[in-house]
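Q: Here the protein sequences come in this chain order: A and B. With the UniProt record's numbering, letter number 173 in the first sequence gets 173, and the count goes up by one each step, no holes. With the UniProt record's numbering, letter number 127 in the second sequence gets 127, and the count goes up by one each step, no holes.
Just so you know, these hints were derived from the structure itself, not from any lab. Glycine included, every Cβ here is placed at the ideal spot set by N, Cα and C. Do not rely on the hints blindly, as some may be mistaken.
To be verified - Derived DSS-like pairs (lysine-lysine); straight-line CA-CA distance at most 30 angstroms:
| hint | chain 1 | residue 1 | chain 2 | residue 2 |
| --- | --- | --- | --- | --- |
| 1 | A | Lys66 | B | Lys198 |
| 2 | B | Lys198 | A | Lys112 |
| 3 | A | Lys153 | B | Lys198 |
| 4 | A | Lys264 | A | Lys334 |
Unchecked claim - Chain B stretches covered by chain A per the calculated footprint, using a threshold of three residues with CB under 8 angstroms from any CB of chain A:
| hint | stretch |
| --- | --- |
| 5 | 163–175 |
| 6 | 184–192 |
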Amino acid sequence: MTALITLTGVNKYYADYHALRDINLTINTGEFFSLLGPSGCGKTTLLRTIAGFESVSDGVVMIGGKDMADVPANLRPTNMVFQSYAIFPHLTVAENVAFGLRKSEDLDKPTKAKMVEEALTMVGLAGYGNRAAHALSGGQRQRVALARALILKPKVLLLDEPLSALDKKMREQMQVELIRLQRQVGITFILVTHDQEEALVMSDRIAVMFEGEIGQLADPETLYRRPNSRRVASFIGKMNFLDAEVKAVVEEIDVTVQGLGRLKISAEQAPEEVSVGPAVAGIRPETLGILFEGETTDRKLVDGVVDEVVYYGDMTYYDVRVDGVAQPLNIAMKNLIGRPVLDVGAKTRVIWDERSLVLLK
Amino acid sequence: MLSKFLSSENGRGLLMVSPPFLYALLLMAFPLIAIFLFSFWTQDFMTLDTTFTLNNYREIAEKPIYGALLQRSLFVSASVTAVTVLLAFPVAYFLSFHVRPDRKSLWLFLITIPFWTSYLIRVFLWKVILGYNGVINTGLINVGLIDEPLTFILYNVNAVIITLAHAFAPFAILPIFVALEKIDRSLLEASQDLGESKFMTFMRITLPLAMPGVVGAVLIVFIPTIGDYVTPELMGGAGGKLIANMIQTQFLALNNAPLGAALAIVAMLCVTAISLTFVLINRRWLKGRS
Chain A
1 MTALITLTGV
11 NKYYADYHAL
21 RDINLTINTG
31 EFFSLLGPSG
41 CGKTTLLRTI
51 AGFESVSDGV
61 VMIGGKDMAD
71 VPANLRPTNM
81 VFQSYAIFPH
91 LTVAENVAFG
101 LRKSEDLDKP
111 TKAKMVEEAL
121 TMVGLAGYGN
131 RAAHALSGGQ
141 RQRVALARAL
151 ILKPKVLLLD
161 EPLSALDKKM
171 REQMQVELIR
181 LQRQVGITFI
191 LVTHDQEEAL
201 VMSDRIAVMF
211 EGEIGQLADP
221 ETLYRRPNSR
231 RVASFIGKMN
241 FLDAEVKAVV
251 EEIDVTVQGL
261 GRLKISAEQA
271 PEEVSVGPAV
281 AGIRPETLGI
291 LFEGETTDRK
301 LVDGVVDEVV
311 YYGDMTYYDV
321 RVDGVAQPLN
331 IAMKNLIGRP
341 VLDVGAKTRV
351 IWDERSLVLL
361 K
Chain B
1 MLSKFLSSEN
11 GRGLLMVSPP
21 FLYALLLMAF
31 PLIAIFLFSF
41 WTQDFMTLDT
51 TFTLNNYREI
61 AEKPIYGALL
71 QRSLFVSASV
81 TAVTVLLAFP
91 VAYFLSFHVR
101 PDRKSLWLFL
111 ITIPFWTSYL
121 IRVFLWKVIL
131 GYNGVINTGL
141 INVGLIDEPL
151 TFILYNVNAV
161 IITLAHAFAP
171 FAILPIFVAL
181 EKIDRSLLEA
191 SQDLGESKFM
201 TFMRITLPLA
211 MPGVVGAVLI
221 VFIPTIGDYV
231 TPELMGGAGG
241 KLIANMIQTQ
251 FLALNNAPLG
261 AALAIVAMLC
271 VTAISLTFVL
281 INRRWLKGRS
């Protein structure tokens with residue numbers, strides 16, 4: 001794994017608005033990297049900084065070991081798939097894809113035509129070359145934008161919310177295709193998205209951004225299972241938050257969690273700088289359970305009352321009130337054979353396990 | 001039956017366009033038909049002979065003055081169009097790309113300032129500027145750049161071109177501005193992202209996408225300038241008279257409405273032919289690129 005892009009102390013100001021706050025980031029060759037965050041968190045600004053459309057107010061952007069400070073967008077080894085796809089409306093599909101090849105004077109016309117056809121085949125648009133660009137559907141435009149960027153064999157492909165304009169089915173299909181494409185071409189992909197599921201599905205590593213800074217940088221599993229803060233935990237998936245108090249930190253951590261009582265958790269379930277005092281414990285809905293009639297468990301149980309039921313078909317989401325917990329616990333249950341959907345007000349027992357707890361900053 | 005038709009979608013549409021349609025019929029179609037018919041008649045002082053004849057057209061074809069005037073008119077119109085559009089493009093570009101969005105309407109408003117005064121007054125102002133003892137000449141003499149007044153800027157074709165180009169500038173700026181405004185800015189970034197410099201991005205993206213506006217501007221300027229007779233009358237002197245002045249002379253001074261009508265028809269056909277050719281060439285050029 002070699003570092004391809006290095007951002008060191010990058011800051012960006014718009015007048016008195018601080019858009020990027022001291023970003024330090026290394027992205028490796030061949031990596032599928034995602035910038036994830038709510039709108040306005042600076043993820044697109046960061047991407048545009050790498051592309052060369054935004055200058056940095058402070059700090060260094062290096063691509064392939066070269067300082068990009070004086071390199072304009074058209075000379076950077078990056079290509080971008082725009083959110084709007086930016087397909088040139090006055091050109092055909094083939095002309096769009098061949099747009100960036102004009103400068104490759106060592107290639108003759110038939111070679112270029114062959115490259116265009118190969119690129120179109122790669123994105124599943126073989127034979128679409130003569131179509132007018134304005135006659136394409138959203139998904140096809142996206143593929144043309146991909147082919148247009150990949151034909152130039154950039155070191156980095158930048159994707160600015162490329163799937164946000166597609167419907168759900170199309171989006172899921174394109175997610176899989178993008179992963180396949182990235183493995184096939186071996187180019188570093190940097191994806192900007194506000195969709196946490198998309199980031200989890202596609203990325204090798206994810207940087208979660210809030211208000212211009214990186215909240216957590218980790219692989220998808222770590223991010224989901226061990227979020228380092230409450231804002232990361234609530235942005236990625238669903239999470240129940242419980243007030244807690246750390247009693248002692250020895251090898252294990254001795255903690256009281258409201259509703260669940262006193263328990264011990266391992267050090268890796270807590271931030272490194274954990275200390276005695278008040279804290280917040282998080283627990284994912286799918287790691288909690290409801291003990292249905294006729295089922296047994298060897299895990300811990302706590303009594304509760306169903307407060308809300310949301311039926312999703314394959315899943316049912318319950319909000320269950322537990323004595324001593326301020327907010328009802330959100331619990332996700334698979335609708336397995338024989339399991340009823342409980343009614344609001346039903347008395348029930350909640351299954352929990354301290355191994356799925358995380359302590360948050 | 002009729003009330004049913006009038007309440008239908010089509011019926012209501014027709015009802016809505018019928019007043020302007022009747023207006024256009026009265027003020028456009030009837031005069032055009034009248035001119036067309038007149039051009040095949042003859043007039044002898046005050047009496048009109050309505051037997052069909054091609055004599056008027058024959059006279060236009062045989063006497064070189066008419067051809068020369070028409071040629072000069074087309075040359076002036078083409079020059080005015082070229083000057084106006086070439087000068088309007090940078091203005092429209094600046095307005096669209098470099099003016100803050102909240103200031104754009106103010107700028108458009110300022111561009112219409114020349115229209116606040118009557119056209120005649122503006123023409124006379126150009127006389128003051130370009131004249132023998134005008135602003136330009138006295139200015140240049142006073143700074144010592146020239147010894148005697150420049151004469152090639154008034155009472156000739158140049159003066160007509162300068163005056164008309166100024167008068168038509170807003171008509172050229174607006175359609176080009178609209179075409180430029182419609183260009184998605186991410187297309188320009190995409191072009192740069194794909195390796196093109198700012199200049200090549202302009203050549204490959206901005207200019208082709210602005211062409212509909214340029215075509216509109218060319219037609220809007222070219223077509224009315226052929227018919228203008230006030231400017232050449234006041235600014236053109238003896239050598240700057242155009243076909244429209246001749247038409248006016250035939251109708252009013254020489255009492256030869258049929259010949260005037262035939263001249264008008266010929267001029268109109270020329271304009272139509274040139275405009276159509278221009279539009280077709282442009283369409284082919286754009287298609288050839290897409």
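Q: Checked against the structure, which of the hints given earlier come out wrong?
A: 5
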